[in-house]
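Protein chains in written order, with the numbering used here: chain B, 755 to 858; chain E, 310 to 736.
Treat the hints with caution; some may be incorrect.
30 Å max Cα-Cα, derived DSS-like pairs, lysine-lysine [claimed, not checked]:
#	chain 1	residue 1	chain 2	residue 2
1	E	K549	E	K575
2	B	K820	E	K713
3	E	K546	B	K829
4	B	K858	E	K413
Rather than coming from a laboratory, the hints here were simulated on the basis of the structure.
Just so you know, these numbers come straight off a predicted model, no measurement behind them.
Residue strings, one per chain:
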Amino acid sequence: MKANMINKLKWLAASALCVGTVGAQAEVSQIRLWAAACATCHSTGGHAQEGNESLAGKDKDEMFQKLMDYKSGRKPATLMHQLTAGYSDEQLLQISAYFAAQKK
Amino acid sequence: MQRRQFVQTVGAGSAVAGLGLMSGCATSGRASGAKVVVVGGGYGGATAAKYLRLFSDERIQVTLVEPNANFVSCPMSNLVVGGYKKMADITMPYTNLEKRHGVKVVRDMVASIDPDKRTVKLASGGELPYDRLIVSPGIEFMWDTLPGMAKAGARDKVLHAWKAGPQTLALRQQLEAMPDGGVYALTIPLAPYRCPPGPYERACMVASYFKTAKPKSKVMIFDANDGIQSKKGLFMKAWKDHYDGMIEYRPSHRVIDVDAATNTLKFDFNDDFKATVLNVVPNMRAGDIARNTQLTTANDRWCEVDFLTFESKAVRYIHVLGDAIQVAPAMPKSAHMANQHGKNCAAAVVALLTGQDLQALPIYANTCYSFVTANEAVHVASVHRYDAVKKTMLPVPGSGGVSKAASHLEGHYALGWARNIWADTLA
Numbered sequence: 755m756k757a758n759m760i761n762k763l764k765w766l767a768a769s770a771l772c773v774g775t776v777g778a779q780a781e782v783s784q785i786r787l788w789a790a791a792c793a794t795c796h797s798t799g800g801h802a803q804e805g806n807e808s809l810a811g812k813d814k815d816e817m818f819q820k821l822m823d824y825k826s827g828r829k830p831a832t833l834m835h836q837l838t839a840g841y842s843d844e845q846l847l848q849i850s851a852y853f854a855a856q857k858k
Numbered sequence: 310m311q312r313r314q315f316v317q318t319v320g321a322g323s324a325v326a327g328l329g330l331m332s333g334c335a336t337s338g339r340a341s342g343a344k345v346v347v348v349g350g351g352y353g354g355a356t357a358a359k360y361l362r363l364f365s366d367e368r369i370q371v372t373l374v375e376p377n378a379n380f381v382s383c384p385m386s387n388l389v390v391g392g393y394k395k396m397a398d399i400t401m402p403y404t405n406l407e408k409r410h411g412v413k414v415v416r417d418m419v420a421s422i423d424p425d426k427r428t429v430k431l432a433s434g435g436e437l438p439y440d441r442l443i444v445s446p447g448i449e450f451m452w453d454t455l456p457g458m459a460k461a462g463a464r465d466k467v468l469h470a471w472k473a474g475p476q477t478l479a480l481r482q483q484l485e486a487m488p489d490g491g492v493y494a495l496t497i498p499l500a501p502y503r504c505p506p507g508p509y510e511r512a513c514m515v516a517s518y519f520k521t522a523k524p525k526s527k528v529m530i531f532d533a534n535d536g537i538q539s540k541k542g543l544f545m546k547a548w549k550d551h552y553d554g555m556i557e558y559r560p561s562h563r564v565i566d567v568d569a570a571t572n573t574l575k576f577d578f579n580d581d582f583k584a585t586v587l588n589v590v591p592n593m594r595a596g597d598i599a600r601n602t603q604l605t606t607a608n609d610r611w612c613e614v615d616f617l618t619f620e621s622k623a624v625r626y627i628h629v630l631g632d633a634i635q636v637a638p639a640m641p642k643s644a645h646m647a648n649q650h651g652k653n654c655a656a657a658v659v660a661l662l663t664g665q666d667l668q669a670l671p672i673y674a675n676t677c678y679s680f681v682t683a684n685e686a687v688h689v690a691s692v693h694r695y696d697a698v699k700k701t702m703l704p705v706p707g708s709g710g711v712s713k714a715a716s717h718l719e720g721h722y723a724l725g726w727a728r729n730i731w732a733d734t735l736a
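Construct the complete structure from the given sequences, taking the supplied hints into account.
Here you go:
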C-alpha cells in the first residue's frame with residue numbers, strides 16, 4: 755500500500771512536470787494498439803493485402819460512418835457487424851482517425 | 310552502472326516508476342540498447358518481434374530464436390491435406406523481419422533459460438542476455454497419454470499433422486496412397502487444444518477429396534469432447550449437405566492408446582476401431598521450454614499470464630504468448646489470437662522498458678475461418694476486452710458470432726485473412 759502511494763505521488767509529480775503529455779501519449783498509444791488489432795485482417799497500418807479492404811489514408815468520416823453502419827446493421831456484412839459491436843462509438847471514431855492519418 | 314542494468318532497473322517498474330515516467334515524457338523512450346529475446350517464431354513470437362521494433366521506433370534490440378528455416382502456417386494447412394494448396398502456399402521466409410524491421414533472427418533452439426541471470430542458452434552453445442524475454446513456444450503433445458505411440462516408428466506412421474510442416478505433407482501422401490473404400494479416422498483430444506474448429510475443417514477437406522477421388526471411402530471422427538467444439542451448426546450442415554453418408558461423427562470417444570502396427574484406436578469405454586489411415590491429434594500442453602522454465606503453472610500444462618502485459622505469473626521478466634498460455638474465458642488457442650497477444654505484449658514490453666504507462670484497456674478480436682468445401686468457408690468471430698476488476702480478458706457482450714451460412718464470399722475472405730495475417734506477422 756505504502757509503495758503504491760509513493761508511486762502515485764511520483765506519478766502525479768511526473769505528470770505535472772510533463773504538463774499532460776504523458777496522458778496524451780498514453781491515449782495515442784492506446785488507440786494505436788486498438789488499431790493494431792484490426793491489422794490482423796487489414797495488415798500493418800491498414801495497408802491491406804489483396805482480399806480485404808485497405809484502410810490507410812482513407813477518409814476518416816466515411817470510415818467512421820461505415821463502421822457505424824456495420825454496427826447498427828444498416829450495412830450488410832459477413833462479420834464486421836459482429837466485430838464493430840465490440841467497440842464503443844468513440845473507439846470506432848478514434849480507430850478511424852488513426853487509419854485515416856496513415857500514409858496511403 | 311552498465312546501460313543494460315540501468316534499463317533493467319527502470320524496466321523493473323515500482324522502485325523508480327517516477328523516473329521512468331519522466332524519461333518517458335521527455336522523449337518517447339530511453340530504451341536504446343534494451344534487449345528483448347523472443348523464443349519461437351510462430352504467429353505470437355514473430356508478431357511480437359516485429360511490433361516491438363515498430364512500437365519502440367526501433368530502439369529496442371530484438372532477437373528472435375527459431376529453429377525452423379521458414380514459417381509454415383497452420384491456418385490453411387488443411388487445404389494442403391485436402392489437396393487444394395501446396396506446401397509452398399503456406400510457407401514463408403523470416404527475411405522481412407530482418408530486412409525491413411531489423412529483428413535479428415537466430416536459427417537455433419533454446420536449450421535453457423536462466424531467469425535469475427536473465428540469459429537464454431542456445432542449443433548450439435551460445436548465450437543471449439535479455440532485459441525481457443518473450444516465450445512463444447506453441448504446443449507440445451502429451452505423448453505419455455498414448456503409451457503405444459512410444460514404440461519405434463509409431464509416430465512416423467500415425468500422424469497428427471497438427472504442427473504445420475513435414476507431417477502436413479506426409480498426411481496428404483497417406484491419403485493419396487489410400488485405396489478407394491478405405492477409412493480415414495481422425496481423433497480429437499479434450500479441449501483445450503490448438504485451433505478448436507480445425508479438426509472439423511480437416512474432416513471436410515478430407516471428405517471433399519474423397520468425394521471426387523475416392524467416393525467409396527469414409528471419414529470417421531472420434532471426438533473426446535461431448536460435441537463439436539466450434540461452429541457446430543455450420544459443420545453439421547456442411548456434413549449433411551456435402552458429405553452425407555461419408556462423414557461419421559462420434560462424440561465422447563476418448564482415445565487412451567494407439568496400436569500403430571495395426572492402425573487401431575483404443576478408447577476408454579468403446580470398442581477398438583481399425584482404420585486405413587489414422588490421424589491422431591494428441592492431448593496438448595505448452596511447449597517444453599515453457600515447462601522446463603516452470604512457467605506452466607496451470608495444471609502443469611499451460612502458462613498463466615497477466616493479461617495487461619502477458620508477463621508470466623510465475624517468473625518475472627518472462628512473458629508468454631499464443632497457444633501456450635492459460636487462456637482467458639472464451640479465448641481460443643488460435644493464430645489470430647496469438648497475433649493479437651504479440652502486439653499487446655509488445656506494447657506492454659515497450660512501455661515497461663521505457664517507463665511509460667501500460668495500456669489500460671486492451672481490446673482485440675478473434676476471427677477463425679474454416680473451409681467446408683474447396684471454395685466455401687464459415688467463420689467464428691469474437692471481441693475481447695480487459696476487465697479491470699476480474700483482471701482478465703472477457704468477450705464483449707453483444708459482439709461476435711458465426712456465419713449465417715457457408716459461402717464463396719467467406720471463402721474469398723478466408724484467403725484474404727490469410728494473406729493479411731501473414732503480412733502483418735512477417736512482412
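When you check the alpha-carbon spacing of E/K546 and B/K829, does it fall within 30 Å? holds, 27 Å
Decide if the proposed pair is consistent with the structure: E/K549 and E/K575, CA atoms, cutoff 30 Å inclusive. Within the cut-off at roughly 28 Å; holds.
Regarding the pair B/K858 and E/K413, is the alpha-carbon distance no greater than 30 Å? Given pair B/K858, E/K413 holds - Cα atoms ~28 Å apart, limit 30 Å.
Going straight from one Cα to the other, do B/K820 and E/K713 come out at no more than 30 Å? holds, 21 Å
In the structure shown, no violation is registered for any of the earlier numbered hints.
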